[in-house]
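Visitor: Chains V and H, in that order, are what the protein sequence lines are.
When we follow this note's numbering, the leftmost residue of the first sequence carries the number 29, and every step to the right adds one.
When we follow this note's numbering, the leftmost residue of the second sequence carries the number 10, and every step to the right adds one.
Hints are computed from structural coordinates only; laboratory data are not their basis.
Every value quoted in this text rests on a predicted model; they were computed, and no experiment measured them.
You can trust all of the hints, since none of them are fake.
The list that follows gives simulated cross-link-like pairs (lysine-lysine, BS3-like), each with its CA atoms no further than 25 Å apart: (1) H:32 with V:50; (2) H:128 with V:50; (3) V:97 with H:35; (4) H:35 with V:50; (5) V:92 with H:32; (6) V:93 with H:32; (7) H:111 with V:135.
Quick list of simulated restraints, FRET-style, between CB atoms: (8) V:43 with H:74: 28 to 34 Å; (9) H:10 with V:66: 44 to 50 Å; (10) V:58 with H:13: 36 to 42 Å; (11) H:140 with V:58: 43 to 49 Å; (12) H:108 with V:144: 16 to 22 Å.
C-beta atoms are modelled at their ideal positions from N, C-alpha and C, and glycine is treated no differently.
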Amino acid sequence: MSDQQISVFENFFVESVEYCIKAMTSFQSSTSPTTKESLNGDIIATVGLSSTLCRGSVSLVFPKKTFLKISNALLLENETEITHSNQDAASEILNIVYGYARTGLNKIGHDFLPAIPTVINGNNLSVNNKKNGSEFYDQVSVGNDSFYLTGSFDFNNK
Amino acid sequence: MFDIKTKILVVDDMMTMRKIVIKFCKELGFTDFTEATDGANAWEQVANANPPFGLIISDWNMPNSTGLDLLKRVRADQRYSKLPFILVTAEAEQHQIAEAVKAGVSNYVVKPFTLETLKERLEAVHKRISGAA
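Extracted from the complex, chain H is given alone in its bound form (with noise of 0.2 Å):
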């Protein structure tokens, strides 16, 4: 699993969806958080941490910049060509989940999900960095 100090930066528009993704990452341990309410502000938060983050985890569907749009500017750039990006959605269709996985996402959750699901795909994504590192 990742370390409990990683630097998380969550990602939604919706305060409360926020709130429930911190909720959930406390319970597993997680104490550093910073939150960006749209695509475009966390990529200012990503470009401006010092030190960087080590685990993104943003809502797709937002107004201004998506969460697909802020997976795919942080690929873009081969700082963050690594850095584990988990997108939360509501949206469950093969297409969309093709069009993330081919963007470089690192896993997904489908909202409603619980703590489980959460931990299921960090842990996921812990043991896929781990084994290719």
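Looking at chain V on its own, in the form it has when it is part of the complex (with noise of 0.2 Å):
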């Protein structure tokens, strides 16, 4: 049952990131699953999710080049380094990415509520998620740049 259910949420934040950063930054982006061990950036957005039926989190981890480029876009900046005026563009996607994707979610009978999300930034990061939950990892591609999607979750039910 977590595998269905894990696959659905895996759904529904795959589809809000492609439409997040197609609607805030004109890039178009693909999703493929990727493995935990890919997952390496420089800047990670991540939050605490819980709703009745389970409970969990959801990391976007940018390589840096990746980060320039969609915070530039977005912010019409030219930056070439992370910093302390453009790393909460980290934070801000995970939010509208979360609350596109929690609108989904609840119409099909959770209850998630708004939840706010941390930047962590430094060199060669990685996400390790909580042991035995449900996960996911997918590469999200913006043209010949990547950044990473990965949630995990504790149902209830499982």
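Once you've looked at the hints, go ahead and assemble the two chains, each given alone in its own frame, into the complex.
Guide: What follows is the structure in structure tokens.
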């Protein structure tokens, strides 16, 4: 059951990422499953989520080059580094992605509440999702660059 | 449409979204912006503004004091009962929209949004205000 549930969640978030990136930057993106080991980036936005039926987290992992490509398009800037000024774009992107996915998930019976993402930046960061949770890992391609989407959930009816 | 000299208060805890809203408003010709990072900070700005703001564009989901809290506070004060107030939200759920309408929101924009969407909402608000005047 949890495999089916995590697939449903993954689909909502994949659809949301592709829609939001297109709407905010005009970049067309495509998503494909990937492995935990491939997730590596320089800035991560993560948000903890809970509903009556489950709890978990969703993260976006951006390599610096991809992040600057997206944040510069979003803000009409020309930054060459991740700065205090542009880093919360990662948080806002996840905020919007979650808001869009949440609307869809709540329509099918969940009751997720709004949540505020956290941003972490550094070098060669990775995400270790909760052990024994149901997980998904996706690579989001934006032209020749990529970033990553991952989620991990515990379902109460597992 | 609103006069381009309209004094606009942009409220969001995220610098990115404040930049996007201001960028779009500048493209529409507006020039006078004040920023606030949450509802409480925004209320101080509203209460101390001289001349007063002509428009508030506020995020909904913020720590400390939300956009809905700010809206209720603004509407509770007779001086600002008709101040145009647009909520920007990542949530498009009907019950939330109904709550905002009940609290007196002038219009709302669901993220992600485009310049055209914001322009349409601003025109709709201005048309309603002009009609009511």
